Amino acid sequence: DAGVTQSPTHLIKTRGQQVTLRCSPKSGHDTVSWYQQALGQGPQFIFQYYEEEERQRGNFPDRFSGHQFPNYSSELNVNALLLGDSALYLCASSLARGGYNEQFFGPGTRLTVL
Amino acid sequence: GESVGLHLPTLSVQEGDNSIINCAYSNSASDYFIWYKQESGKGPQFIIDIRSNMDKRQGQRVTVLLNKTVKHLSLQIAATQPGDSAVYFCAETNWVTGNQFYFGTGTSLTVIP
Numbered sequence: 010d011a012g013v014t015q016s017p018t019h020l021i022k023t024r025g026q027q028v029t030l031r032c033s034p035k036s037g038h039d040t041v042s043w044y045q046q047a048l049g050q051g052p053q054f055i056f057q058y059y060e061e062e063e064r065q066r067g068n069f070p071d072r073f074s075g076h077q078f079p080n081y082s083s084e085l086n087v088n089a090l091l092l093g094d095s096a097l098y099l100c101a102s103s104l105a106r107g108g109y110n111e112q113f114f115g116p117g118t119r120l121t122v123l
Numbered sequence: 008g009e010s011v012g013l014h015l016p017t018l019s020v021q022e023g024d025n026s027i028i029n030c031a032y033s034n035s036a037s038d039y040f041i042w043y044k045q046e047s048g049k050g051p052q053f054i055i056d057i058r059s060n061m062d063k064r065q066g067q068r069v070t071v072l073l074n075k076t077v078k079h080l081s082l083q084i085a086a087t088q089p090g091d092s093a094v095y096f097c098a099e100t101n102w103v104t105g106n107q108f109y110f111g112t113g114t115s116l117t118v119i120p
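Just so you know, the sequences run in chain order A and B. First residue of the first sequence? That's 10 in my numbering, and the numbers climb one at a time after it. First residue of the second sequence? That's 8 in my numbering, and the numbers climb one at a time after it.
So here's chain B without its partners, still in its complex pose:
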């Protein structure tokens, strides 16, 4: 079956520092990845996505890096703010299961003011 996991279940950073959240996936056929942010009591919120034909994609204060060689995905958040405190999930899919996303366990990010 699919396996998408995270290296660190919790992460604490000082406000203003950069955050890096990591994710490993096991299916080499995965070709589309999404990072979601989930705040307490809310559903997951789309942050940024990346397709397998890219190594890097940047958004507003966020960057996703994809290393297909080692099947690793990371989310970088610049100048982390208290509002960034949440659980972050990576999700992946491929052309076979294109309508079905597989989520990792999640990393809880806490920003210390």
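For reference, chain A alone in the conformation it holds in the complex:
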């Protein structure tokens, strides 16, 4: 049973560019959350997708957008990259059953903005 997978593993971009990160949830999961983890910090919630819609959003600007596909996989897009966007981007999947649901994290995509 494959866990959460993310691609690419590492990515280097320059300021002003756009980036797309991808996530495939754990088999059987229908909900995907994205987190940004700066070096030495805990993960910060970006947003969550369920039934192909953004269900909840953290304190991130509109430069951060996402999408969920019918097969539950998800993309995170970041436009007009800033140096401060350099971080580990984590995807977590869960199964929406009501109440609190355990989230399974992927290995992350390390984004470096130069």
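These are calculated hints, taken from the structure and not from any lab test. One thing to keep in mind: the hints can contain errors.
As the list claims (entries may be wrong) - Ranges between beta-carbon positions, derived for each pair:
no., chain 1, residue 1, chain 2, residue 2, range
1, A, 86, B, 58, 30 to 40 Å
2, B, 103, A, 111, 18 to 28 Å
3, A, 39, B, 90, 27 to 37 Å
4, A, 25, B, 24, 47 to 57 Å
5, B, 21, A, 39, 40 to 50 Å
6, B, 36, A, 39, 24 to 34 Å
7, A, 37, B, 59, 38 to 48 Å
8, B, 103, A, 86, 19 to 29 Å
9, A, 36, B, 90, 22 to 32 Å
The structure presented is a predicted model; accordingly, all values stated were derived computationally and were not measured. All C-beta atoms, glycine included, are put in the ideal place defined by N, C-alpha and C.
Could you slot chain B onto chain A? The hints should help.
What follows is chain B alone, placed relative to chain A:
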């Protein structure tokens, strides 16, 4: 905003000793807490969770204690092993932000063989 923090950023213990990692949270409405373990180059891994209607929960070699009065959470690891070396995060949420978890800064645990 939410605030979940840890008292000690680093912790070193001898192999075989017990480890205690602490976490403070500021939102009294928080009612669900999770401890995660993150090894280098990997995503956070679920260790144990606890709901606010409990004070203590035990897993395999791990115990989580919740003190709602002082808004404090702790993770106890029994007979710490080298494989326990990692960064440990507490995360919390509540019924309002049920899909959004707030993470602390993390504590780096180093086990000395």
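Tested hints:
no.	hint	verdict
1	A:86 to B:58: 30 to 40 Å	35 Å, holds
2	B:103 to A:111: 18 to 28 Å	19 Å, holds
3	A:39 to B:90: 27 to 37 Å	32 Å, holds
4	A:25 to B:24: 47 to 57 Å	51 Å, holds
5	B:21 to A:39: 40 to 50 Å	44 Å, holds
6	B:36 to A:39: 24 to 34 Å	27 Å, holds
7	A:37 to B:59: 38 to 48 Å	28 Å, violated
8	B:103 to A:86: 19 to 29 Å	27 Å, holds
9	A:36 to B:90: 22 to 32 Å	26 Å, holds
Figure legend: structure checked against the earlier numbered hints; the only hint not met is number 7.
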